[in-house]
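S.K.: Residue numbers (the working numbering), protein chains in the order written: chain A, 1 to 115; chain B, 1 to 113.
One or more of the hints may lead you astray.
Unchecked claim - With a straight-line Cα cutoff of 20 Å, these simulated SDA-like cross-link-like pairs (lysine to any residue) come out:
#1 A:40 - B:9
#2 A:36 - B:12
#3 A:40 - B:108
#4 A:40 - B:12
#5 A:41 - B:67
#6 A:40 - B:41
#7 A:22 - A:8
#8 A:36 - A:77
#9 A:41 - B:2
#10 A:40 - B:65
#11 A:40 - B:107
#12 A:40 - B:8
Source of the hints: derived by calculation from the structure; they are not laboratory data.
Bear in mind the structure is a predicted one, so any value in this text is a computation, not a measurement.
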Amino acid sequence: ETGVTQTPRHLVMGMTNKKSLKCEQHLGHNAMYWYKQSAKKPLELMFVYNFKEQTENNSVPSRFSPECPNSSHLFLHLHTLQPEDSALYLCASSHAYAGGDTEAFFGQGTRLTVV
Amino acid sequence: GDSVTQMEGPVTLSEEAFLTINCTYTATGYPSLFWYVQYPGEGLQLLLKATKADDKGSNKGFEATYRKETTSFHLEKGSVQVSDSAVYFCALKDNNAGNMLTFGGGTRLMVKP
Chain A
1 ETGVTQTPRH
11 LVMGMTNKKS
21 LKCEQHLGHN
31 AMYWYKQSAK
41 KPLELMFVYN
51 FKEQTENNSV
61 PSRFSPECPN
71 SSHLFLHLHT
81 LQPEDSALYL
91 CASSHAYAGG
101 DTEAFFGQGT
111 RLTVV
Chain B
1 GDSVTQMEGP
11 VTLSEEAFLT
21 INCTYTATGY
31 PSLFWYVQYP
41 GEGLQLLLKA
51 TKADDKGSNK
61 GFEATYRKET
71 TSFHLEKGSV
81 QVSDSAVYFC
91 ALKDNNAGNM
101 LTFGGGTRLM
111 VKP
């Protein structure tokens with residue numbers, strides 16, 4: 001248990017569906033992240049939020065829409081996805097300063113399958 | 001830009017064998033270095049870290065030493081167990097460039113009884 005909780009753990013959705021992934025942390029962190037982990041590919045950073053403000057969008061298609069209503073919660077809204085979007089989506093959090101001890105804590109991920 | 005390069009896997013070892021997973025990095029600033037581990041079906045967990053040159057991070061029998069002269073942070077364990085089977089990720093955080101991590105591609109370790 002890392003203190004970062006993601007729901008659901010598994011999700012199967014059709015290409016025309018709309019769904020949302022949820023991430024929650026109560027570690028007192030003020031930076032949150034979405035990563036995509038596909039088979040045989042490096043971890044891809046998708047979005048970064050610092051103090052609820054989006055500070056990084058790594059050229060992610062608009063069918064992925066993040067939302068950060070407060071420092072403890074992060075959502076990823078999904079619509080009209082493609083089969084190649086099937087992957088493990090990982091949420092992480094950390095303190096939002098550049099100190100050397102700043103480490104990221106990861107959730108267990110949501111395994112998404114687009115059919 | 002910053003980058004991390006790890007040896008490609010999978011690495012297959014017998015139980016009690018010695019483990020080395022190589023990691024080298026490039027960074028424009030003075031990074032902190034991390035090893036994360038991902039067990040099957042799970043997210044990433046921090047294994048160990050080092051924040052300055054010559055620091056040694058250690059945890060659960062794993063060690064890695066921050067070598068600035070060779071820009072390396074190789075992961076070692078003297079005697080692996082079946083339960084160490086996982087994917088290991090080397091990562092860096094450039095302390096002059098915010099709080100984002102740059103990850104290597106991951107190395108899968110399989111330990112056989």
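S.K.: Taking the hints in turn, state whether each one holds.
M.R.: So, going through the hints one by one against the coordinates:
no., hint, in the structure
1, A:40 - B:9, "holds (11 Å)"
2, A:36 - B:12, "violated (26 Å)"
3, A:40 - B:108, "holds (11 Å)"
4, A:40 - B:12, "holds (17 Å)"
5, A:41 - B:67, "violated (27 Å)"
6, A:40 - B:41, "holds (15 Å)"
7, A:22 - A:8, "holds (7 Å)"
8, A:36 - A:77, "holds (14 Å)"
9, A:41 - B:2, "holds (18 Å)"
10, A:40 - B:65, "violated (27 Å)"
11, A:40 - B:107, "holds (11 Å)"
12, A:40 - B:8, "holds (11 Å)"
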